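Colleague: Chain by chain, the residues run as shown.
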Amino acid sequence: MTGNISEAILESNLADMPQLKGSLFEGRCLRSRLLTLLTWILASLAAVPLLSIIYMLVVKGGSRINWETLTALPPAAFEFGGGIGPAIIGTLTMVAIASSISIPLGILAAIYLAEVAPHSKLAQTSRFLAKVLTGFPSILAGVFVYASLVVVMKTYSAWAGGVALAVLMLPTIILTAEEALKQVPQKMKDAAYGMGCTRAQVIGRVTLPTGLPGVITGVLLAVAGAAGESAPLLFTALFSTYYINGLEGLSEPTSSLSILIYNFSGMPYDNQIELAWTASLVLVMMILVLNVLARVLGRRKY
Amino acid sequence: MTATEASAKNEAAAWSVDQQKIVMDCQLRRIFYGDFLAVRDSILPIEKNKITGFIGPSGCGKSTVLRSLNRMNDLIPAFRFEGSVHYHGQDIYDKAVDPVLVRRYIGMVFQQPNPFSMSIYDNVAFGLRLNRYKGDLDERVEKALRSAALWTEVKDKLKKSGLSLSGGQQQRLCIARAVATEPDVLLMDEPCSALDPIATRQVEELMLGLKEHYSVALVTHNMQQATRVADTTAFFSVDMSQGGRTGHLVEMGETRQVFEDPQAVLTKEYVSGEFS
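Chains as they are written, first to last, in numbering that gives the first Met the number 0: chain A, 0 to 301; chain B, 0 to 275.
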């Protein structure tokens, strides 16, 4: 009896209750799930090119990774063996030259843009030009340095190659470092001023250290980008089959991984083609290591 | 207008300060941001080892006044100051005075807790290192953290980030950072406005302890806070008569007198909650 009554109450209430149970196959739900699936598939697709490139490089170039390949001079036409040692050293040297030019200049410029006079005419102009320069065809950086350095020095050189890479790194460093420095909250800078810091002390003790992870990320990404460039080196460093020979060697044509890949991959000899694959693998590994470093060093410490 | 003038006279009669006890004698004639007149005609003596509270409705310029007292406003390009702020016999707005040095003697605690993204230790040691302090850094850091009532909570995690603390702890860390260099005067700009009631009470108790060694000027939008901690209260109001929103001092006196027996009509209306 009582059961019947409560059931009756329940039933009468059910009619007025909001319907909260959804159906999975109702149009609205179905569309939402399909869209989720689509984004998932497309996100996975984005990883496919990089993974397949790395896979191919490991398959085709992995077998030649050994001490000889990493250190020996490149082989002549019908020679067997040989390696890519000078190219590795050449790339590292030119990236080092480029970094030692572009990192200090870029960070100082970023400090001006972010802190010293962000709204000045000069800042607006150079910010705009830096943005234009990021989309600049890299081969034109090579042509520019060819005209301004190679022609004047009357020789292709590691210096010229380094300067050309610096031209390409500079805008990336300026813009990412500016962004990183701008992220430092104004209230922290106010605190520093309130403690009796001069502007230089605020920048040196608070803004730069706080923004440093972001700055490092930008710098390493620029370095990684420069390490893989080939076009600007064609007109500046050219190529060589020998190691850089001391400081004077920096004023002579210099080998690099990217140009070695370009040269060797077009040759009709299996040995050279194999070395080109190995060089590609080494180059990708170098860039990968730099990227991982960027992630690790870019992590906030405090 | 008549109310303000009358109040100024009354106030002068009701309240007089011993000149010997004044650490900062602030004669603010006019403070501009560009063409905008933000504050006019306010005379504020800040007494030694006392807490001077600044109260008033929003936009009455009490923060502007506070930030003028250690030349923080100089960082705002359009800021212009007319008047004088005498500190130990020197006008801090004198041309020969370096604002950076002023701020080393007149410290500041801000509305939002703003520790640096460094360890707790480095936050407190910041000012000492800035001033190239030669003595025992650990000792001074501990002393500062103790006087900010934070030492027991953080003594085992001095290497941890200052930003890992709770809001109330962060604000006490900022106070520790400000007192580590032992400034003369401490300017506090609504230091509790971002804190919950418990943290607020802790900071208020802290302020009462601080006045033993420091002279404190405190901006607060909370009248209860003023009655709880301020020895002297300055009431600011806004007048729209000259086309802008210009703040000015209406009345200043012992806190109890300002709240219980206000001399000016504006003060009376404000403290009794008739407008805000």
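Worth flagging that the hints you see were computed from the coordinates, not collected in a lab.
None of the values given here were measured: they were computed from a predicted structure.
It cannot be assumed that every hint is accurate.
Stated by the list, open to error - Result set (DSSO-like, lysine-lysine): computed pairs, CA atoms no more than 27 Å apart in a straight line:
{"no.": "1", "chain 1": "B", "residue 1": "142", "chain 2": "B", "residue 2": "154"}
{"no.": "2", "chain 1": "A", "residue 1": "120", "chain 2": "A", "residue 2": "20"}
{"no.": "3", "chain 1": "B", "residue 1": "94", "chain 2": "A", "residue 2": "300"}
{"no.": "4", "chain 1": "B", "residue 1": "154", "chain 2": "A", "residue 2": "300"}
Colleague: All hints are to be evaluated individually against the structure, with a verdict given for each.
Modeller: Quick rundown of the hints versus the structure:
1. A hinted pair counts as satisfied when its Cα atoms are at most 27 Å apart, and residue 142 of chain B with residue 154 of chain B qualifies at roughly 11 Å.
2. As the CA atoms of residue 120 of chain A and residue 20 of chain A are separated by approximately 61 Å, the hinted pair breaks the 27 Å bound.
3. Distance check on the hinted pair: residue 94 of chain B and residue 300 of chain A sit about 42 Å apart at the alpha-carbon level, beyond 27 Å; violated.
4. For the suggested pair residue 154 of chain B and residue 300 of chain A, the alpha carbons sit about 20 Å apart, so the restraint of at most 27 Å is met.
Violated hints, in rising order: 2 and 3; the structure is consistent with all others.
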